[in-house]
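Asks: Per full-length UniProt numbering, residue 1 is the first one in the sequence shown, and the count goes up by one each step.
Just so you know, the hints here were simulated from the structure itself, not pulled from any lab data. Some hints here could point you the wrong way.
Okay, the calculated beta carbon distance ranges per label pair [claimed, not checked]:
id, residue 1, residue 2, range
1, ALA74, ILE175, 38 to 46 Å
2, ILE316, GLN116, 38 to 46 Å
3, ILE302, SER112, 28 to 36 Å
4, GLU151, LEU90, 47 to 55 Å
5, ILE175, GLU151, 37 to 45 Å
A virtual CB, placed ideally from N, CA and C, is assigned to each residue, including glycine.
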Amino acid sequence: MEEFLRILTQSAGEILAPTTAAFAIAAIGLNLHFGYTGLLNMGQAGFMLLGAYGFGITLTLGGPIWLAFLIAIAAGVVFALLLGMPTLQLRGDYLAIVTISAAEIVRWFGRSTLWQEWTGGASGLQGRYYKDPFHALSFLPEGRFALGPFEYINTGSDSWFTRIFAWGLVALVLIFVWLITRSPWGRVLKGIREDEDAVRALGKSVYSYKLQALVLGGAIGALAGVVYAIPLAISPDSMGGRTMTFFVWTVLLLGGAATVFGPVLGSMIFFTAYMFMRTGMRALSEDTAVGNVISTTQVEYIGGMLVGITLMCLVIFRPQGILGNKKELAFNVR
Numbered sequence: 001m002e003e004f005l006r007i008l009t010q011s012a013g014e015i016l017a018p019t020t021a022a023f024a025i026a027a028i029g030l031n032l033h034f035g036y037t038g039l040l041n042m043g044q045a046g047f048m049l050l051g052a053y054g055f056g057i058t059l060t061l062g063g064p065i066w067l068a069f070l071i072a073i074a075a076g077v078v079f080a081l082l083l084g085m086p087t088l089q090l091r092g093d094y095l096a097i098v099t100i101s102a103a104e105i106v107r108w109f110g111r112s113t114l115w116q117e118w119t120g121g122a123s124g125l126q127g128r129y130y131k132d133p134f135h136a137l138s139f140l141p142e143g144r145f146a147l148g149p150f151e152y153i154n155t156g157s158d159s160w161f162t163r164i165f166a167w168g169l170v171a172l173v174l175i176f177v178w179l180i181t182r183s184p185w186g187r188v189l190k191g192i193r194e195d196e197d198a199v200r201a202l203g204k205s206v207y208s209y210k211l212q213a214l215v216l217g218g219a220i221g222a223l224a225g226v227v228y229a230i231p232l233a234i235s236p237d238s239m240g241g242r243t244m245t246f247f248v249w250t251v252l253l254l255g256g257a258a259t260v261f262g263p264v265l266g267s268m269i270f271f272t273a274y275m276f277m278r279t280g281m282r283a284l285s286e287d288t289a290v291g292n293v294i295s296t297t298q299v300e301y302i303g304g305m306l307v308g309i310t311l312m313c314l315v316i317f318r319p320q321g322i323l324g325n326k327k328e329l330a331f332n333v334r
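Whenever a hint applies, use it, and build me the whole structure from the sequences.
Replies: So this is what it looks like as structure tokens:
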């Protein structure tokens, strides 16, 4: 019973985790692409990795933290422009092919020994090189604080200050997306999602609106990469891999595309369930009888398989997600 309560508490802690907030922000950016505009971006991990590199490298070189955030956002904007300008004029799923390929290019760029002096190569950038300026912003006193079963240090990598910052940024991004999607600009995006030929017939530049949506969503994705890297480290394989993109898509589809709060709810539910599954399977693998069938090293592989099955089931049986409206997804992706 004590072991079950420990697993349950550890899993529930994912609701407030900075990683959960990072994926929520990334899914909000992807929602602006797919949910509101109908753009198939399969490389959100590339935006996240570039944002993290822009943030980490700037601070490692001694730059101020405000400049680090600006460079992270600028990296996402430039990446979106490079992807969108030649691709958004085409129809079909070209954007999906380009973005997933571009994310892989960014990952291999980070792994390359040619830029190892700045990116750290395959080992990535360790947090000790860039975290101190962020921790210096903390307004909390030294020590630890417990809120019910959750107890963390006030300032540090896995701390209350990191959580406050991460979820505060989620709130700001949510308000921003809520405002722009309810503006005339946002209504044009929804029109493009449903029938871009009709929007074009009204004299609107579909290409321009798509590019603007791609840039805004990419900048939000870059901020998600910063939030993800602050409590951990910057690793090209863990951040720029296809697994992270599929996690973001699962979060978005679980909560509901074309909804404001759907990505946040999806992230909370997904990572709580994912942590419960992983910790539960690890506990079972420590048992002699079960350990002969499932080893600790196999838990991650089984977890990835279950995420894939979950994504498939969502697309097949409930594409609108928990909060979504099925009519909102009745659009033509071009």
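Asks: Next step is simple, just say for each hint if it's right about the structure.
Replies: To see whether the hints hold, each was checked on the structure:
One distance hint, 38 to 46 Å for the beta-carbon pair ALA74 and ILE175, is violated here, with the actual separation near 22 Å. Between ILE316 and GLN116 the C-beta distance comes to about 43 Å, which sits within the given range of 38 to 46 Å. For the hinted restraint 28 to 36 Å between ILE302 and SER112, the CB-CB distance of approximately 32 Å keeps it satisfied. For GLU151 and LEU90, the hinted distance range of 47 to 55 Å is satisfied, since their beta carbons lie about 53 Å from each other.
As the Cβ distance of ILE175 to GLU151 is approximately 30 Å, the hint placing it in 37 to 45 Å is violated.
Consistency with the previously given hints fails for numbers 1, 5, ordered from lowest to highest.
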